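So the protein lines, in turn, are chains A and B. Here this note's numbering is used: position 387 in the first sequence is 387, and no number is missing along the way. With positions in the second sequence counted from 1, the corresponding number in this note's numbering is that position plus 438.
Just so you know, the hints here were simulated from the structure itself, not pulled from any lab data. Owing to the predicted nature of the structure, the values given are computational and were not obtained by experimental measurement. Just so you know, not all the hints are guaranteed correct.
Said to hold, decoys possible - Derived, one-sided and incomplete: chain B residues facing chain A with beta-carbon distance under 8 Å:
| hint | residue |
| --- | --- |
| 1 | G499 |
| 2 | L556 |
| 3 | N575 |
C-beta atoms are modelled at their ideal positions from N, C-alpha and C, and glycine is treated no differently.
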Amino acid sequence: MTARTLGKAIRTAALASAVAAAASMGGAAAAKNTIKVAIVTFLTGPAAGPFGVPGKNGAELMIDAINAGGLPGHSKGFGGATLDPVFADEAGGNSKQVAEYRNLVEKQNVDAVVGYISSGSCMATAPVAEELKKLTIVTICGTPSLFEDEPRSYVFRTQGSAVGDSIAAAHYVTQFMPDVTSYTGINQNYAFGQDSWKFFKQAMEQINPKAKASSNPQFPKIFSGQYGAEISTLSLDRAELVHSSFWDGDIEAFVLQALVRGFFDDKRFAAVVGDSAVDSLGAKFPDGVLIGTRSRSGILIRRDTTDPLNVWFIKAYKERYGAYPVGPSYQYAKAVHFLKLGLDKAAAAAGGFPTQAQMIEGLKGLSFNSVDGKTAMALGGGHQAIHDVGYGFTEFDKEKGEPAATNVKFYAAECINPPEGMLAEEWVDKGMPGAKCD
Amino acid sequence: MQLAIAILLDGLSFASYLFIVSVGLTIVFGVMKILNVAHGSFYAWGAYLSAYLITLFSDMGYPNWFGFLLIPVATVVVGLVLSVIIERLVLRRMYHQDEVLIVLATFGLFLISEDLLLLVFGVNPYFAYQPMAALGNVRLGGISRDVYSMTLSALALIVAVACWWGLTRTRWGKLISVVIHDREIGLAMGLNVGMIYLAIFVIGAMLGALGGAYIAPTISVSPGFGIDVIVLSFAVVVIGGMGSIPGALIGAVMVGVLRAMAVHLMPELELFVVFAVMAIVLIVRPEGLFAPAKARTI
Numbered sequence: 001m002t003a004r005t006l007g008k009a010i011r012t013a014a015l016a017s018a019v020a021a022a023a024s025m026g027g028a029a030a031a032k033n034t035i036k037v038a039i040v041t042f043l044t045g046p047a048a049g050p051f052g053v054p055g056k057n058g059a060e061l062m063i064d065a066i067n068a069g070g071l072p073g074h075s076k077g078f079g080g081a082t083l084d085p086v087f088a089d090e091a092g093g094n095s096k097q098v099a100e101y102r103n104l105v106e107k108q109n110v111d112a113v114v115g116y117i118s119s120g121s122c123m124a125t126a127p128v129a130e131e132l133k134k135l136t137i138v139t140i141c142g143t144p145s146l147f148e149d150e151p152r153s154y155v156f157r158t159q160g161s162a163v164g165d166s167i168a169a170a171h172y173v174t175q176f177m178p179d180v181t182s183y184t185g186i187n188q189n190y191a192f193g194q195d196s197w198k199f200f201k202q203a204m205e206q207i208n209p210k211a212k213a214s215s216n217p218q219f220p221k222i223f224s225g226q227y228g229a230e231i232s233t234l235s236l237d238r239a240e241l242v243h244s245s246f247w248d249g250d251i252e253a254f255v256l257q258a259l260v261r262g263f264f265d266d267k268r269f270a271a272v273v274g275d276s277a278v279d280s281l282g283a284k285f286p287d288g289v290l291i292g293t294r295s296r297s298g299i300l301i302r303r304d305t306t307d308p309l310n311v312w313f314i315k316a317y318k319e320r321y322g323a324y325p326v327g328p329s330y331q332y333a334k335a336v337h338f339l340k341l342g343l344d345k346a347a348a349a350a351g352g353f354p355t356q357a358q359m360i361e362g363l364k365g366l367s368f369n370s371v372d373g374k375t376a377m378a379l380g381g382g383h384q385a386i387h388d389v390g391y392g393f394t395e396f397d398k399e400k401g402e403p404a405a406t407n408v409k410f411y412a413a414e415c416i417n418p419p420e421g422m423l424a425e426e427w428v429d430k431g432m433p434g435a436k437c438d
Numbered sequence: 439m440q441l442a443i444a445i446l447l448d449g450l451s452f453a454s455y456l457f458i459v460s461v462g463l464t465i466v467f468g469v470m471k472i473l474n475v476a477h478g479s480f481y482a483w484g485a486y487l488s489a490y491l492i493t494l495f496s497d498m499g500y501p502n503w504f505g506f507l508l509i510p511v512a513t514v515v516v517g518l519v520l521s522v523i524i525e526r527l528v529l530r531r532m533y534h535q536d537e538v539l540i541v542l543a544t545f546g547l548f549l550i551s552e553d554l555l556l557l558v559f560g561v562n563p564y565f566a567y568q569p570m571a572a573l574g575n576v577r578l579g580g581i582s583r584d585v586y587s588m589t590l591s592a593l594a595l596i597v598a599v600a601c602w603w604g605l606t607r608t609r610w611g612k613l614i615s616v617v618i619h620d621r622e623i624g625l626a627m628g629l630n631v632g633m634i635y636l637a638i639f640v641i642g643a644m645l646g647a648l649g650g651a652y653i654a655p656t657i658s659v660s661p662g663f664g665i666d667v668i669v670l671s672f673a674v675v676v677i678g679g680m681g682s683i684p685g686a687l688i689g690a691v692m693v694g695v696l697r698a699m700a701v702h703l704m705p706e707l708e709l710f711v712v713f714a715v716m717a718i719v720l721i722v723r724p725e726g727l728f729a730p731a732k733a734r735t736i
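Same shape as in the complex, but just chain A (with noise of 0.2 Å):
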């Protein structure tokens, strides 16, 4: 090689590699044609059946929707770009799904990850995302930690807080049974069952002052599957309703153990996560329970026809699956739809596909309307939803053979979310100021 061609090559890879850096930091904007996205959810384990499938099957549905063009009222693609899921299980414990998140962002090169039910498992990839700068939505963990004990850049949670779903519960409580004058609880002891009895407690306080909490809740262990020795000390207790935040296998497998017990002729139960054990159970569910799913969705809004989107989402679901969505199906058809709107917002703004800078952007403090009704990324900066949360009581149709809520009533996001800047702990505590409930 002469010193003249040398030269000349030095040049065309000093150049080519500007541009490449260029490209790396995001400067200009780029087409690309498909997006890389990890969907995380329960393949395996307790959880598989009730939560982790169905809530994979929701972000499916949405995800191929939307890259043929077919969800109603939207373009096609996400921001021009076509989603490729990578599905990944979140059984095995909060070090595997560290490992396992490490390996999705650092070996599969996914451009953002959607999931995580768990409550664990999302304040234990959390840190790792902003270490990581990756953009991560997540679906369904209910934790108030997550942007109350530092703010995040990276990561996003479309669902609301167990905050939102434990006031919202003692509303409907104070509203549908006014006669509780004690009551006491059963959820798993890991940070969301303890979230859930903590603020439905202190909730209750502020809204149902007479009512008294008992002075021993069950706390038993997540996925236990036995809870005869509960129980007994639920039917000991004076206690006239159980909250529970069951939810997965345990809550199956808690009213099963119950039901023969008799245990619903002589307590009230509150299954402020229930809903998919009552599609699982069916006719064996007990009528009368105190039923929810953590937002607009499931069996409080299966037969409501006045929303084309939640109208298109159960018939699509049920023609693809044979069954009703449930609670997680349309948690996580509602974080994708939202990655879908944030990308489609930051890409007319960079008027090509966005860099994740970018992307971020979009997200942050959207606003819009999904299969379970209107969200707001309101708290957070801009990174946590807020949206109505509502409860009904369960009662089996028999003419349809299929289960129904009756009595459904939501509660404004407004209602029952903490403002910006201020602690949800604090904000009950203090009598909940500035709540806007009708």
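Starting from the known structure of chain A, fit chain B onto it as the hints suggest.
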């Protein structure tokens, strides 16, 4: 008084279930010196097959009590098929290996089994509540109790008596005792040690499967539920002494009653008490409360 009755009944019910599962584990260890992590697989397969059959026959219109006939079917099928496959294909080739390697091999088998369960039965839970519903409930100590869980104590008693009788009052029991004390002497005396090993492994597997098959009607049978059971069973056999049947019984009763006390009086300590007792026993008497005496080999 009401509280004491509740603690006792809840404790015995849980202890009965733990005993049925852990006695198989301790028998296999006592005779074969194998710490079989795959024991949780027998439990899980027993539960799945039992739940599947009960649901299937219930859907075909069979009465709720018919499930009681299907529980032994699931127990025998799982116990025989799985144990023979595992013993013949894997363990038989490893008897001369280090014990740690055998533990790792059985752990591997457990993980494989979990994935096979997913492939065969899928991720959706099974609800086989029919036998439990058939027996209804009774009021005892001021609260309502399901009769089915109380029959678990009777079953545990039958299992305990059968194990004691089988090992101490039968010819097979005496042959097994020889192998427990010295495998080589047994071989020198012309015993078919391989066959005894297989028979013991089948019995241990059937007991694990029986625990799963019998508990299936009371739970949501879903993937991954065998893990917790094997952990608790280890706690039981460590407390009682590995290889000791009376030890498994006492260990199960201790774990069951202490857990019930914690749930009723201080729920935060539910898990702590179980493993605290195990830790104390390991510190004070590392071989467990009722570990069989070992002959000194010169």
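Tested hints:
For G499 (chain B), the shortest C-beta to C-beta distance to chain A is roughly 16 Å, which exceeds 8 Å, and the interface hint is violated. Because the beta carbon of L556 (chain B) sits about 6 Å from the nearest beta carbon in chain A, less than 8 Å, this interface hint is met. Satisfaction of the interface hint for N575 (chain B) is found here, the shortest Cβ-Cβ separation to chain A being roughly 5 Å, below the 8 Å cut-off.
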